[in-house]
Amino acid sequence: MTTSSPAAIWTPPARVRGILAVVTGRGERAPVYERFGRRLSADGYTVAVFEADADAAATWLAGIDDLPTVLVGSDTGAAAVLRVLSQGETPDGAIVAGTPVEVDGADEPTDEQRTACPVHLGVLGTAESRTASASVERAPAAPDLAAIAVPILAFHGSADAVSPIAEAGALLSAVPDLELIETVDGLHDALNDQSHRSVAASVVLWLERLRGGDVHAPVVRPLRQAQGAVGTPAA
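The sequence shown maps to residues 5 to 239 in this note's numbering.
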């Protein structure tokens with residue numbers, strides 16, 4: 005599928021803090037990411053969805069020069085995002101979820117393998133959210149991943165039977181600047197599984213660090229007071 009414009013887009017009610025272009029996975033259409041898009045747009049980020057077309061998503065982001073830009077991909081969309089990054093595309097960052105290690109285009113994950121969230125299962129059950137699987141691709145090999153020049157935030161479910169986290173983590177370890185987050189007991193659709201609120205919060209924290217110019221510099225952090233410090237009650 006090739007398109008030069010997003011299939012869906014959610015924009016913030018006020019100031020825009022950054023732009024995300026989401027690339028769908030196997031059998032997914034734009035409504036699958038409506039909850040994700042609405043939540044991130046409420047925090048100031050425009051979210052656009054491209055259906056199985058990472059090249060179009062990257063081209064669209066390349067035309068934006070006044071805001072932070074981030075490519076996002078889930079399932080085979082994650083593999084496609086990693087490919088365009090390994091080929092030299094340089095948005096400000098990227099987010100991948102459920103990165104596939106082995107891909108069989110005829111063997112699409114079942115809804116129950118994707119998510120345990122009842123709301124998301126309902127979305128997946130609607131005709132407007134699903135389509136026949138397009139041609140798919142594997143994630144790039146380690147030498148190609150090592151060429152990626154932007155920071156990547158990755159999510160992966162610890163109970164993902166479609167792409168086991170140990171294998172996916174080993175593959176992604178070749179990315180030079182990687183933050184890998186495990187969703188505890190999570191399934192394949194890490195952006196839309198039962199932990200979707202915590203995942204979205206982690207995405208926003210990462211985006212705010214990216215906006216600050218150093219994705220590794222915390223914006224908020226725990227403050228541990230030593231015994232006897234000012235404000236600590238005496239024993």
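It is worth saying that the hints were derived from the structure and are not from the lab.
The C-beta atom is built at its ideal place from N, Cα and C for all residues, glycine as well.
Possibly wrong hints are sitting among the right ones.
[To be verified] If you anchor each label on the Cβ, the simulated ranges turn out as follows:
1) R19 <-> A136: 37 to 45 angstroms
2) T94 <-> I13: 17 to 25 angstroms
3) P226 <-> Q91: 33 to 41 angstroms
4) A153 <-> T114: 33 to 41 angstroms
Hints, verified against the model:
1. R19 <-> A136: 37 to 45 angstroms: Holds - the Cβ-Cβ distance for R19 and A136, about 39 angstroms, lies within 37 to 45 angstroms.
2. T94 <-> I13: 17 to 25 angstroms: holds (22 angstroms)
3. P226 <-> Q91: 33 to 41 angstroms: Cβ of P226 to Cβ of Q91: about 39 angstroms, so the range 33 to 41 angstroms holds.
4. A153 <-> T114: 33 to 41 angstroms: holds (36 angstroms)
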